[in-house]
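K.L.:
Chains as they are written, first to last, in the working numbering: chain A, 788 to 899; chain B, 606 to 892.
Treat the hints as calculated values from the structure; they're not laboratory data. Given the structure is predicted, the values throughout are model-derived calculations rather than measurements. From the three backbone atoms N, C-alpha and C, an ideal C-beta is built for every residue, glycine too. One thing to keep in mind: the hints can contain errors.
To be verified - A partial selection of chain A residues facing chain B, derived with a Cβ cut-off under 10 Å:
| hint | residue |
| --- | --- |
| 1 | Arg797 |
| 2 | Pro798 |
| 3 | Gly800 |
| 4 | Glu816 |
| 5 | Ala817 |
| 6 | Ser819 |
| 7 | Leu822 |
| 8 | Arg825 |
| 9 | Lys841 |
| 10 | Met859 |
| 11 | Pro860 |
| 12 | Trp862 |
| 13 | Val864 |
| 14 | Gly866 |
| 15 | Asp868 |
Said to hold, decoys possible - In silico DMTMM-like pairs for lysine to aspartate or glutamate, Cα to Cα no more than 25 Å straight-line:
| hint | chain 1 | residue 1 | chain 2 | residue 2 |
| --- | --- | --- | --- | --- |
| 16 | B | Lys852 | A | Asp806 |
| 17 | B | Lys852 | A | Glu804 |
| 18 | B | Lys869 | B | Asp729 |
| 19 | B | Lys852 | A | Asp842 |
| 20 | B | Lys706 | B | Glu681 |
| 21 | A | Lys841 | B | Glu676 |
| 22 | B | Lys852 | A | Glu848 |
| 23 | A | Lys841 | B | Glu856 |
| 24 | B | Lys852 | A | Asp861 |
| 25 | A | Lys841 | A | Asp806 |
| 26 | A | Lys841 | B | Asp854 |
| 27 | B | Lys869 | B | Glu856 |
| 28 | A | Lys841 | B | Asp729 |
| 29 | B | Lys687 | B | Glu756 |
| 30 | A | Lys841 | B | Glu816 |
| 31 | A | Lys849 | A | Asp868 |
| 32 | B | Lys751 | B | Asp729 |
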Amino acid sequence: MVACHGHTHRPLGTLLERDMDAEVSTNLEALSKILGARPGWVSFPYGRGDAIPKDVERLCEKFDFRVALTLMPDWNVAGQDPLRVCRMTENQFAGLLGEIPRFTDSRSRSVA
Amino acid sequence: MTTICASPIFVGGYFKSGTSLLRALLRQHPEVAAGLETHWFAIDPQRQVGRHGESLDESIARLAAFFQLDETAIREATVDAKSGEMFLDRLMQLHVAAQNKTRWAEKTPDNILYVDRVFAHWPDARFVHILRDLRDVYASLNNCGKGGPPEVFAQAWSDWVSGGEAMGRVVGPDRFRTVLYADLVNHPALVMRPIAEFLDLPWSPALTTFEGQRDEFDLVLRTTGKRSTTLESLSQPLFTDRVGVWKRDLEPTLLETLQGELEKSGGWSTYRRLYDAWGVVESREAV
């Protein structure tokens, strides 16, 4: 899976709307030329706090992104907002082992 | 009189960067006493000089009210203090005892200018620097009439933060950490868990749950007649709407000027470097 990641690795949420959109569109253009197809996912650089745009929905609608990845280290539960998908590194996963849901937990969970 | 706590906690950062919020969270920990700002670095007991423009007597009266301690007890405890550091030690002994806690934390934004003095006197101290998007800092200062010319702000921010961080690199990451305000308000648990470890504090959920504290706003109003905008905002629960206020509050022309001055002063590149280095998530390793 190749996803849009902005063009110069800037925290998108800290940019003005016009600059944010330019970061995304420039990157999409470049990736489309290389891939011959337009990525439908976005992965936010830095992926946390103020780096995640407050208006995620607007951005995703404008650029037709179906999935947006953050770097928030947490489980993804059934019904997870696809525009705020969590991820974790191996280290973070190990740290959360004690919090793995029991089999009695009715919700299905996965690591993105 | 000996130092009751060899490992005190200091919080510093530029004005309007979230230092008060961090202190308020620490204050909720069952082991940490963290009263109002002391401006200890300006106090010179030998010359009877108190905090900025005050005599030592005036400062003691103010601190007695702020810390709800007996004025005479402070005078007696600090009578042989030869420096601001010794004065603070004595004051905090009283504070810790009165609060029935075991550690103390001092937060005055200017602490970031005195990292060298902190570690010269308290080699086992822990220092937490809080960093906020400097455009938000300027917007917040502007909103309370303290923004000043962008070039002055840009230079001052750069001097404070670059100097503090340089000293922080000297003392090392075991004793000096930086946290980002945006991370703290958006993900308090992700920030405060490692900070508790760094401070050698047992974990307490009180470090991440903030329902607002009104008592200090009322205390300062009663004591000084001043309505502290910072303490007033602390009377509300933890909120994230102060992140990115520059987009709403700074006029485009002012923003452009500010951005130019921040580039010139080196403040912007300092901020970007620290943003990369101190993020709560391991962003550098991640794609």
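K.L.:
Now, for every hint given, state plainly whether the structure supports it.
P.N.:
Structure-based check of each hint:
{"no.": "1", "hint": "Arg797", "in the structure": "holds (9 Å)"}
{"no.": "2", "hint": "Pro798", "in the structure": "holds (7 Å)"}
{"no.": "3", "hint": "Gly800", "in the structure": "holds (7 Å)"}
{"no.": "4", "hint": "Glu816", "in the structure": "violated (20 Å)"}
{"no.": "5", "hint": "Ala817", "in the structure": "violated (16 Å)"}
{"no.": "6", "hint": "Ser819", "in the structure": "violated (19 Å)"}
{"no.": "7", "hint": "Leu822", "in the structure": "violated (16 Å)"}
{"no.": "8", "hint": "Arg825", "in the structure": "violated (19 Å)"}
{"no.": "9", "hint": "Lys841", "in the structure": "holds (7 Å)"}
{"no.": "10", "hint": "Met859", "in the structure": "holds (7 Å)"}
{"no.": "11", "hint": "Pro860", "in the structure": "holds (7 Å)"}
{"no.": "12", "hint": "Trp862", "in the structure": "violated (14 Å)"}
{"no.": "13", "hint": "Val864", "in the structure": "violated (17 Å)"}
{"no.": "14", "hint": "Gly866", "in the structure": "violated (21 Å)"}
{"no.": "15", "hint": "Asp868", "in the structure": "violated (15 Å)"}
{"no.": "16", "hint": "B:Lys852 with A:Asp806", "in the structure": "holds (12 Å)"}
{"no.": "17", "hint": "B:Lys852 with A:Glu804", "in the structure": "holds (9 Å)"}
{"no.": "18", "hint": "B:Lys869 with B:Asp729", "in the structure": "violated (36 Å)"}
{"no.": "19", "hint": "B:Lys852 with A:Asp842", "in the structure": "holds (13 Å)"}
{"no.": "20", "hint": "B:Lys706 with B:Glu681", "in the structure": "holds (21 Å)"}
{"no.": "21", "hint": "A:Lys841 with B:Glu676", "in the structure": "violated (49 Å)"}
{"no.": "22", "hint": "B:Lys852 with A:Glu848", "in the structure": "holds (21 Å)"}
{"no.": "23", "hint": "A:Lys841 with B:Glu856", "in the structure": "holds (20 Å)"}
{"no.": "24", "hint": "B:Lys852 with A:Asp861", "in the structure": "violated (29 Å)"}
{"no.": "25", "hint": "A:Lys841 with A:Asp806", "in the structure": "holds (14 Å)"}
{"no.": "26", "hint": "A:Lys841 with B:Asp854", "in the structure": "holds (16 Å)"}
{"no.": "27", "hint": "B:Lys869 with B:Glu856", "in the structure": "holds (20 Å)"}
{"no.": "28", "hint": "A:Lys841 with B:Asp729", "in the structure": "violated (40 Å)"}
{"no.": "29", "hint": "B:Lys687 with B:Glu756", "in the structure": "violated (38 Å)"}
{"no.": "30", "hint": "A:Lys841 with B:Glu816", "in the structure": "holds (23 Å)"}
{"no.": "31", "hint": "A:Lys849 with A:Asp868", "in the structure": "holds (18 Å)"}
{"no.": "32", "hint": "B:Lys751 with B:Asp729", "in the structure": "violated (35 Å)"}
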